[in-house]
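Chains as they are written, first to last, in the numbering used here: chain A, 7 to 755; chain B, 2 to 120; chain C, -16 to 175.
These are calculated hints, taken from the structure and not from any lab test.
Since this is a predicted model, take the numbers as computed values, not measurements.
Don't take each hint at face value.
The calculated label-pair distances, taken between Cβ atoms and stated as ranges, are [stated by the list, open to error]: (1) C:A83 / B:N111: 20 to 30 Å; (2) B:N111 / C:V80: 13 to 23 Å; (3) C:K148 / A:G711: 47 to 57 Å; (4) A:L697 / C:L90: 53 to 63 Å; (5) B:K119 / C:I(-8): 34 to 44 Å.
Note that beta-carbon positions come from the ideal geometry of N, C-alpha and C, so glycine has one too.
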Amino acid sequence: MLENAYWIALIPALSLPINLARKFKEPIPGYIGSALVAVAWLWSLAIFFTTMGATEAYRVTVPWIPGAPSIYIGFQIDHLTTMMLLVVTTVSLMVHIYSIGYMHGDAQFNRFYAFLGLFSAAMLGVVLADNFLLLLICWELVGLTSYLLIGFWYAKPSAMKAAKKAFVVTRFGDLGMLIAAVLMWREFGTFDYDAIFRALPEASVVIVGAIAFLLFAGAVGKSAQFPLHVWLPDAMEGPTPVSALIHAATMVAAGVYLTGRAFPLFEYGSLHTFQWGVQGMLTIGVTPLGLVRWLGVSTLFLCATIAVAQNDIKRVLAYSTCSQLGYMMMGIGLGSWVAGLFHLMTHAFFKALLFLGSGSVIHGSGTQDMREMGGLARKMPKTYATYMVGYLALIGFPLFAGFWSKDAILDAAHLLVGEGAWLYMALGLAGAFLTAFYMTRQMWMVFWGDSHRNPSIHAHESPASMWAPLAFLAVPALLIGFVGMPKMNVIKQYLTVDQKYSAQTRIHTNTVESTEDVQRGDGRPLYLSGRALDAPGVDPAIRAAHGEEHHGPAYLGGLNPAVVYPGTAVALLGLLFGWLMYRSATKKSVEPAAQHAAALGLSADHPAHGGHDAEPVDSAGFWRDPLTVLGPVWKFLENKWYWDEIYWAVLVVPTLTLARIFSWIDKYIVDNVVNGVGLLGLWTAKFAYNLFDTYVVDGVVNGLGLLARKAGGELRRMQTGRVQNYAVVIFLGALLLMIASLGAFRLPR
Amino acid sequence: MSHQMTPYLLVGAALFCVGIFGVLTRRNAIGVLMCIELMLNAANLNLIAFNRFLGPAGNTLTDGAVPTNYYGPLLGGHAFGIIVITVAAAEAAIGLAIIITVYKNAKTINVDEINWMKW
Amino acid sequence: MPPTTTQDIIFLALAFVTLASGIAVVLLRNLVHAGLMLGLSFFGVAGLYLLLHAEFLAVAQVLIYVGAITVLILFAIMLTRQVVGADTAPVSTQRLVGFATALAVFLVLVRFMYRREWPGIFDNTEVLNAPTVLGRQLLTTYLIPFEVASILLLVALVVAIVLAKEETVVSLTPKLNTIYEETDSPAKEEEK
């Protein structure tokens, strides 16, 4: 079973040819796709249970492109991969089942499932790959399917624009990854994780650091970190299941996975601080891990603030995803890749739950705009219940999944020492506050508050194919966090037991016999052995990663009080603020809202059953967000900190201008040159014909003819007709022959 | 000195050249024919002279001995001479026949006037 | 070398006769005179043959050349009655060219004559029964030229007769005649 594990990735891919070759009737592509992914899911479960106790990664590698050195491809099954497999297949399966109901009635049902299957296959390929090249290939494939799925309704211009934006923005990151691959080849001569990590001690720190930076560039693009975060909100143009699968749970997680997988590279590269900036004036010291956590915390804060001011239900969740990804990156950047990946796992489950729930809300209420919703708790009970679970998990309510994972990251932030280290903790807490705040706002606007719409609208619960996955996902959203309780950190043990090369393996030198060629007695990876982690230029995150772990009292699994108290307090504070503010805000203006709606002519029928999300309606007049008191700050947040406008002005406009300039050059200069050359040729030909051909060439030819005639005319006079003349010639000829053959003029001997 | 060959050859050459002059000069066709006969005679004279004085000269089959056949020394020159006379006679006959025919047709045998092959 | 022996004197005389009559043949305007001079020249050559011990050939020369060819020529002269033909002007381009050519050939021949040692000159003694020997050799060693010469005579005979006949169109085959008639007019064919 393990030997053929690569089929886990290939089986969902079969959905592509099957569903595109023949257009089956409506629910059948859904069944096919779900069945294929279910096979992958079951297989992943089987692998999980059978490799639970394994301490070594299982690898199969085959040579692919022969050469010196050759390029190999293969797959590996270690615990990190297994965890990712479970996450991806579970969420993918839920989305497949969910879409049977959500995409009901869509004319291109089969195409949807084809692409969905392809995406699942690509993502599983990313996770299963055992070398960076295969990872890159599947990475690109993931990007492609994301484009195809965002632009699924290709007739909608906004959807195509969003798809293009996603692809182009992530391309920036992918460029970095490509350069990283080249550098990797030059430095190590291989793409294998295993071989590279083993060769790290002899590698150049600077180059490894550069590789780490460039790989991270790809992660920034894929995981929508600042500054490449602009594509994720626009990607909500795609169908909601797509948003759930790709832009909440899996594809955006690929960046985090990559950073976690390549953590030894980051760690090793952070042994040297890269100085960046203007010489003598302002220099910034940057390490790969430093950049990771800095971008992570920036994204975290930035997106959380933007989410506060969004009115589209999916946009809120999108920015929330951005923000949570920032958390994950920050976690890895602080040295604790386990924390980051743990949060990835929990986030995948509850974010998918929230997205699918929002899809259910959209389907049931016919609109995407939260200002038009309200009071859906009673109308859509099952959706409400599951959404509640997801909400509590996201804000980090104690004991739910998000609580544990967020706490792990804050724990890592706490361990960081150095200049500005307090900032990470502070902003992490601020982010938690904001998360709780805007989620509570959303809950009030959607479920708890009174409805602002025309009350004659009928909001109904979604079909079973839609709420059943929600219920299924609610279980891990609730419970999965417990694997990360700090004192007996199951997830940590699980993930690190077979990672021979990365940090946080120290805990196992006492319990498990590590391979000697990798570990020394001090328990640090080989590439860190013998290095002074306190030396200047070394990233403090490394120190933190290999530092002592503080565990608090035994209650609640040994949480560090210095971390858990502020974290929980902040979350609860956010909840309280949001509750108070929006409880009253959503109570107001029910009647004027209805009148206003009627006056605007907001139609009662919603296209929910046609599968298209409703257009957000401009709600000027009947909804006033309490935060509008902030005035320009509110505007700033609502417009996403104007990043789209900045990029447009700085990047897009110059490119278009340049294109127009070159077009002008081509049209007026190049074309004229070409035409001029043509004219020159024409003139030369004319000249050649008139002068040269007519007089010279024809003259020669005619002259030859004339010569022949004249010569003939003169030579024929030889024929006199008189025999005696001929006789003369005969005799003279004979004479010459005599002379020649008999040598008459030779001297006598 | 004893009998020499050279005088005979000289006479032959002179007669031959007189014949050439006549062939190229005489107007009458029969006159031309007569001069041709002169040339033939000159050649014949040469042949006989060679046979008399050189005998087997040039005959590489023998090594200096006089070539003979069963009947005596080879008289090739004489034989050839007879042939030449025969040929001359035949040629004279035919030539004159032709001239007579031409005379019957063209009423003239002035070679300058028989120039129908002129350009 | 001055002539010393009788043979030499006789040779000179004969040579003179031959050449003089030859020149006369060339220069005389009267054709009959020229023909007679030709006969004289033949006689001279016959005499030279005798000096060269070619008796048979001398007699054959007289018989054929003088007896037949000269007569033939005289007959032809009489048949083509242009005895006093307008001959060439005293000096003409033709004469100059002819003279030059003849002179050139003579010079070349003479030069060649003195050019080398004639290989194997020897004094041939008299050949006894030369005619017999010649006759026999004509039919053994020189058979082929002999036969060729006879065929040549046959051909000449036929040609001469053919050429001298009347001018009527001779239909060699009846078919040729009908062909001519056919091509003439299709009407005549109908008559037949």
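Going through the hints against the structure:
Separation of A83 (chain C) from N111 (chain B) is about 23 Å and conforms to the stated range, judged on CB atoms against 20 to 30 Å. In this structure, N111 (chain B) and V80 (chain C) meet the distance hint of 13 to 23 Å, their C-beta atoms being roughly 18 Å apart. The beta-carbon spacing between K148 (chain C) and G711 (chain A), approximately 50 Å, falls within the hinted interval of 47 to 57 Å. Between L697 (chain A) and L90 (chain C) the CB atoms are about 60 Å apart, so this pair conforms to the stated range of 53 to 63 Å.
The supplied range of 34 to 44 Å is broken by K119 (chain B) and I(-8) (chain C), whose beta-carbon atoms lie about 51 Å from each other.
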